[in-house]
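Protein sequence lines, in the order shown, are assigned to chains A and B. FYI, our numbering numbers position 27 of the first sequence as 27, with every residue one higher than the one before it. With positions in the second sequence counted from 1, the corresponding number in our numbering is that position plus 1000.
Worth double-checking, as some hints may not be accurate.
If you only want the chain A side, here are some residues facing chain B, beta carbon under 10 Å, derived [claimed, not checked]: (1) Pro14; (2) Glu15; (3) Asn18; (4) Leu21; (5) Ala40; (6) Ser48; (7) Arg50; (8) Arg63; (9) Ser66; (10) Ala97; (11) Ala100; (12) Gly105; (13) Asp193; (14) Leu198; (15) Leu199.
Which bits of chain B does chain A cover? Going by a derived footprint, with three or more residues having C-beta under 8 Å, they are [stated by the list, open to error]: (16) 1030–1040; (17) 1075–1086; (18) 1156–1166.
FYI, nobody ran anything at the bench for these hints, they're computed from the structure. Ideal Cβ placement from N, Cα and C applies to all residues, glycine included.
Here is how the chains run, residue by residue.
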Amino acid sequence: MSECTSGAMRDLLPELVNGKLSTKVQSAVESHVTACTECAEELVLLRSLRPVLLSAPVVDTQRIASAVRAQTTGAASRVHARTAGTTWWRLAIAATALIAVSALGYLGLAHRPRGMREVAATHGLPHVAGNSSGDSSTGSEPAPPFTQAPTVSPRRSERVQTPPQQIAVTPPTRRPSSVSGAGALENLSDLSDDDVRLLTASLDKLSPVPDANPAPGIDPLGASLEDLSGGGS
Amino acid sequence: MTDHSQSELPPDDAALIARWRSGDERAATTLVGQHAQGIARFVASLGEREEVEELVQDTFVRAFGSLDSFRGESTFRTWLLTIARNLVRDRQRGRKRSRSHVEIKDEDIVSTSDALEGTVAAETEQRLREAVETLSPMQRAIFTLRVTEGMSYKEIAMAVGSTEGAARVHYHNAMRVIREKIDE
Chain A
1 MSECTSGAMR
11 DLLPELVNGK
21 LSTKVQSAVE
31 SHVTACTECA
41 EELVLLRSLR
51 PVLLSAPVVD
61 TQRIASAVRA
71 QTTGAASRVH
81 ARTAGTTWWR
91 LAIAATALIA
101 VSALGYLGLA
111 HRPRGMREVA
121 ATHGLPHVAG
131 NSSGDSSTGS
141 EPAPPFTQAP
151 TVSPRRSERV
161 QTPPQQIAVT
171 PPTRRPSSVS
181 GAGALENLSD
191 LSDDDVRLLT
201 ASLDKLSPVP
211 DANPAPGIDP
221 LGASLEDLSG
231 GGS
Chain B
1001 MTDHSQSELP
1011 PDDAALIARW
1021 RSGDERAATT
1031 LVGQHAQGIA
1041 RFVASLGERE
1051 EVEELVQDTF
1061 VRAFGSLDSF
1071 RGESTFRTWL
1081 LTIARNLVRD
1091 RQRGRKRSRS
1101 HVEIKDEDIV
1111 STSDALEGTV
1121 AAETEQRLRE
1131 AVETLSPMQR
1141 AIFTLRVTEG
1151 MSYKEIAMAV
1161 GSTEGAARVH
1171 YHNAMRVIRE
1181 KIDE
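Based on the provided sequences and hints, a complete structural model is requested.
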């Protein structure tokens, strides 16, 4: 008996006997067997052993199948029900998640203006939406430095791409000046030349000597003088 | 190199399992018909002779009862063999050492004279049976799966709960023992 030089080929003999090799591999193994006495003998032995091993025992598959069906009746339905239940719950969870995300998105949009005002205040940007009158009595919000600036809320992409300082806004317009009233005197440095001339002219018209009988309601010296006079009599 | 796939179900088995899962209990009958005989041979090779049919039946009952846990990581046949092996082991443990020794009885054997005629003499056939009898249960189980099913060592290792290398060693040792027996 010649010694087999190809263990790999010899290892495939059971697959050859059972017809589990591809055509190409089968041809290679068969060629090896024709040249290898040891493998040829083993192949004969395997082909002799296979029917012996296959022969026993014989079982009644029909009886086994009937018994198995009897014992597993309803098992297939239960598996099917479990599978269907799993699918239903997955769909329910997905729908709930979708609704929750939608609700959060809606709430986010509903509160967006407040967030924009906060952003504008943080960057010192004019924001006059709903406050175009310049009323500074709105609590902690700073008085708008400009009047009637357009309600510019740059879109998100613009905010991202453009620094806040470079956002184009309407050039500031001066508050209409007034020569009378305390408000006009609070910001003299803001007055234009025309305003100053108008104010000066108005002052020139005033008498440098206080009126002996001031008009009612006008008390240039305040209540302290009246208290003195009243107190003296 | 070989044609069998390690991780894919044969199309027939996969389709039948899907049908059974969808509620078609007739698919179970077909699956039993395809695999019962192979499971019976395996059970017998492990040393069980008296209750082979009952063990095969229990194997299928357990398999269909836990088909949810079958992920297709092995073939359905290998999975069934694994269940059968566990059942045999449990039964053998329960019986301790009171089980009957494995014998291949003449009445269990289908006449194979036609298949052997012209290739192996009847005397040789008897010697082959006797040679197989001398194998240990593990050797016999592995040798039977390899010769009758053409299963790979990896599949065999999964079925018998061993390693691929150990399965290869058992197979070659079995072949050596059988050769020695028929050469005596």
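Report holds or violated for the interface hint on Arg63 (chain A), using the least CB-CB distance to chain B and a cut-off of 10 Å.
Because about 8 Å separates Arg63 (chain A) from the closest Cβ in chain B, which is inside the 10 Å limit, the hint holds.
Holds or violated: is the Cβ of Asp193 (chain A) closer than 10 Å to a Cβ in chain B?
violated (91 Å)
Given Asn18 (chain A) as an interface hint, is its Cβ closer than 10 Å to any Cβ of chain B?
holds (3 Å)
Quick check on the hint: Pro14 (chain A) CB to chain B CB, less than 10 Å?
Holds, because the Cβ-Cβ distance from Pro14 (chain A) to chain B comes to roughly 5 Å (cut-off 10 Å).
With a cut-off of 10 Å, does the beta carbon of Ser48 (chain A) approach a beta carbon of chain B closely enough for the hint to hold?
This interface hint holds because 4 Å falls under the 10 Å limit.
When the nearest CB of chain B is found for Leu199 (chain A), is that gap smaller than 10 Å?
violated (93 Å)
May I ask you to test the interface hint for Arg50 (chain A) with respect to chain B, counting a Cβ-Cβ separation under 10 Å as satisfied?
holds (5 Å)
Closer than 8 Å Cβ to Cβ for three or more residues is the test here. Does the segment 1156–1166 of chain B pass it with chain A?
violated (count 0)
May I ask you to test the interface hint for Ser66 (chain A) with respect to chain B, counting a Cβ-Cβ separation under 10 Å as satisfied?
It holds, given that the least Cβ distance between Ser66 (chain A) and chain B is near 8 Å, below 10 Å.
Was the hint right that Ala40 (chain A) lines chain B, CB cutoff 10 Å?
It is violated, given that the least Cβ distance between Ala40 (chain A) and chain B is near 13 Å, above 10 Å.
Holds or violated: is there a CB of chain B closer than 10 Å to the CB of Ala100 (chain A)?
Hint on Ala100 (chain A): violated, closest Cβ of chain B at ~31 Å, above 10 Å.
Chain B contact restraint on Gly105 (chain A) - CB to CB distance below 10 Å:
Violated. Min distance 39 Å.
Consistency note: the structure conflicts with the earlier hints numbered 5, 10, 11, 12, 13, 14, 15, 17 and 18.
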